[in-house]
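Enquirer: If you want the building blocks of each chain, they are given just below.
Number of protein chains: 2
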Amino acid sequence: MSDFFLHTQLAKDTFFIRDLKLCQLVLMNDKRFPWMVLVPRKNDATELTDLLPGEQKTLLEEINRVSVFMKQFYRSEKMNIATIGNIVPQLHIHIVARFSKDLAWPKPVWGFGDMVPFMEEEGKEMVSKIQGQLPHG
Amino acid sequence: MSDFFLHTQLAKDTFFIRDLKLCQLVLMNDKRFPWMVLVPRKNDATELTDLLPGEQKTLLEEINRVSVFMKQFYRSEKMNIATIGNIVPQLHIHIVARFSKDLAWPKPVWGFGDMVPFMEEEGKEMVSKIQGQLPHG
Numbered sequence: 001m002s003d004f005f006l007h008t009q010l011a012k013d014t015f016f017i018r019d020l021k022l023c024q025l026v027l028m029n030d031k032r033f034p035w036m037v038l039v040p041r042k043n044d045a046t047e048l049t050d051l052l053p054g055e056q057k058t059l060l061e062e063i064n065r066v067s068v069f070m071k072q073f074y075r076s077e078k079m080n081i082a083t084i085g086n087i088v089p090q091l092h093i094h095i096v097a098r099f100s101k102d103l104a105w106p107k108p109v110w111g112f113g114d115m116v117p118f119m120e121e122e123g124k125e126m127v128s129k130i131q132g133q134l135p136h137g
Numbered sequence: 001m002s003d004f005f006l007h008t009q010l011a012k013d014t015f016f017i018r019d020l021k022l023c024q025l026v027l028m029n030d031k032r033f034p035w036m037v038l039v040p041r042k043n044d045a046t047e048l049t050d051l052l053p054g055e056q057k058t059l060l061e062e063i064n065r066v067s068v069f070m071k072q073f074y075r076s077e078k079m080n081i082a083t084i085g086n087i088v089p090q091l092h093i094h095i096v097a098r099f100s101k102d103l104a105w106p107k108p109v110w111g112f113g114d115m116v117p118f119m120e121e122e123g124k125e126m127v128s129k130i131q132g133q134l135p136h137g
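These protein sequence lines map, in sequence, to chains A and B. Counting along the first sequence from 1, when you hit position 31 you're at 31 in this note's numbering, and nothing is skipped either side. Counting along the second sequence from 1, when you hit position 119 you're at 119 in this note's numbering, and nothing is skipped either side.
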């Protein structure tokens, strides 16, 4: 999977966290919501059903792992998990930690207003903190 | 699982299609979008991670099955799959067949305007057609 390329829009909107077994895990550069994205490292996949059964199983494990981590890390109240891909066709799964007092609640975050990027140092620190605390697989 | 109850809001907004191995499959009563919902028949589950590994595996199979069916039945261009649950806490997974010419495209359907219910006969016919064509597990 050495020829994997993150879609330019995703690359522009996110920070790299770590390559897991199947997916590249990235953090959305949006201070409003704790929001990670799992991107299976298969350039040609656009739908969940494009993954082989074994890959889907791994994806499910990675969704669980990231969900459990985020819930604990952010002390969030609800996880929102989705694969939409109407704009960026590359298969990617959003995992968003939600709070009943966040800006968009109870609406979904997708398409909700404009992203609020981290300041440069702030983004680096957040990524580094996540990398330090996310358990290795 | 005989004591399963569909959340009142979901019951109000949907038509029953079929009980699968793990989930109750329902059709959203919204003519604007082909939109089904899988509801694991476990009253206490609110997050994906509340399901046991075996239940998650079955859920994944049911998501695949419904996605493949919907793509073929509606000849749709993109599947949107999500578990949100900010309003209805009972764990449920949306599966929506999208078209680049549908009303909300490229936005997600959740929180997009008001539902447009089927006329009574029309809803019954749609459910009956789906029940007739959805393969048995």
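If you're looking for bench data, these hints aren't it; they were derived computationally from the structure. A few of these clues could be false.
As the list claims (entries may be wrong) - Have a look at the derived ranges for each label pair, beta carbon to beta carbon:
{"hint": "1", "chain 1": "A", "residue 1": "Gln131", "chain 2": "B", "residue 2": "Lys57", "range": "25 to 31 Å"}
{"hint": "2", "chain 1": "A", "residue 1": "Gly113", "chain 2": "B", "residue 2": "Phe5", "range": "50 to 56 Å"}
{"hint": "3", "chain 1": "B", "residue 1": "Thr49", "chain 2": "A", "residue 2": "Thr8", "range": "29 to 35 Å"}
{"hint": "4", "chain 1": "A", "residue 1": "Pro135", "chain 2": "B", "residue 2": "Thr8", "range": "37 to 43 Å"}
{"hint": "5", "chain 1": "A", "residue 1": "Gln72", "chain 2": "B", "residue 2": "Glu122", "range": "42 to 48 Å"}
{"hint": "6", "chain 1": "B", "residue 1": "Pro89", "chain 2": "A", "residue 2": "Ala11", "range": "32 to 38 Å"}
{"hint": "7", "chain 1": "B", "residue 1": "Glu122", "chain 2": "A", "residue 2": "Phe16", "range": "44 to 50 Å"}
Claimed, not checked - To give an idea of the chain B side of the interface with chain A (calculated C-beta under 8 Å), a few residues:
{"hint": "8", "residue": "Arg41"}
{"hint": "9", "residue": "Ala45"}
{"hint": "10", "residue": "Met79"}
{"hint": "11", "residue": "Ile84"}
{"hint": "12", "residue": "Pro106"}
What the hints assert, rightly or not - Some but not every residue of chain B turned toward chain A, in silico, with C-beta under 7 Å:
{"hint": "13", "residue": "Ser67"}
{"hint": "14", "residue": "Phe69"}
{"hint": "15", "residue": "Thr83"}
{"hint": "16", "residue": "Ser128"}
{"hint": "17", "residue": "Gly132"}
The structure displayed is predicted, hence computed values, not measured ones. Every residue gets a Cβ at the ideal spot worked out from N, C-alpha and C, and that includes glycine.
Enquirer: Each hint should be assessed against the structure and marked as holding or not.
Expert: A quick look at each hint next to the structure:
1. Gln131 (chain A) and Lys57 (chain B) have their C-beta atoms about 30 Å apart, which keeps the hinted 25 to 31 Å range intact.
2. The beta-carbon spacing between Gly113 (chain A) and Phe5 (chain B), approximately 36 Å, falls outside the hinted interval of 50 to 56 Å.
3. With their beta carbons about 32 Å apart, Thr49 (chain B) and Thr8 (chain A) fall inside the hinted range of 29 to 35 Å.
4. Checked against the hint of 37 to 43 Å, the C-beta distance between Pro135 (chain A) and Thr8 (chain B) comes to roughly 39 Å, which is consistent with it.
5. For Gln72 (chain A) and Glu122 (chain B), the Cβ-Cβ distance of about 47 Å falls inside the hinted range of 42 to 48 Å, so the restraint holds.
6. Separation of Pro89 (chain B) from Ala11 (chain A) is about 35 Å and conforms to the stated range, judged on CB atoms against 32 to 38 Å.
7. Range check, Glu122 (chain B) to Phe16 (chain A): Cβ separation about 49 Å, and the 44 to 50 Å hint holds.
8. For Arg41 (chain B), the suggested interface contact is broken, since its CB lies about 19 Å from the closest CB of chain A, more than 8 Å.
9. Against a cut-off of 8 Å between C-beta atoms, the interface hint on Ala45 (chain B) is violated, since the closest Cβ of chain A lies about 12 Å away.
10. At about 6 Å, the closest approach between the beta carbon of Met79 (chain B) and any beta carbon in chain A falls short of 8 Å, and the interface hint on this residue holds.
11. A cut of 8 Å between beta carbons decides the hint on Ile84 (chain B): the least distance to chain A is about 5 Å, and the hint holds.
12. Because the smallest distance between the Cβ of Pro106 (chain B) and any Cβ of chain A comes to about 4 Å, under 8 Å, the interface hint for this residue holds.
13. With a cut of 7 Å, the hint placing Ser67 (chain B) at the interface with chain A holds, because the nearest CB-to-CB distance is about 5 Å.
14. Annotation: interface hint on Phe69 (chain B) violated; nearest CB of chain A at approximately 11 Å, more than 7 Å.
15. With 7 Å as the threshold, the beta carbon of Thr83 (chain B) comes within range of chain A, its nearest partner Cβ sitting at about 5 Å, so the hint holds.
16. Among the interface hints, the one on Ser128 (chain B) is violated; its C-beta lies about 26 Å from the nearest C-beta in chain A, farther than the 7 Å criterion.
17. For the restraint placing Gly132 (chain B) at the interface with chain A, the shortest Cβ-Cβ distance is roughly 22 Å, beyond the 7 Å limit, so the hint is violated.
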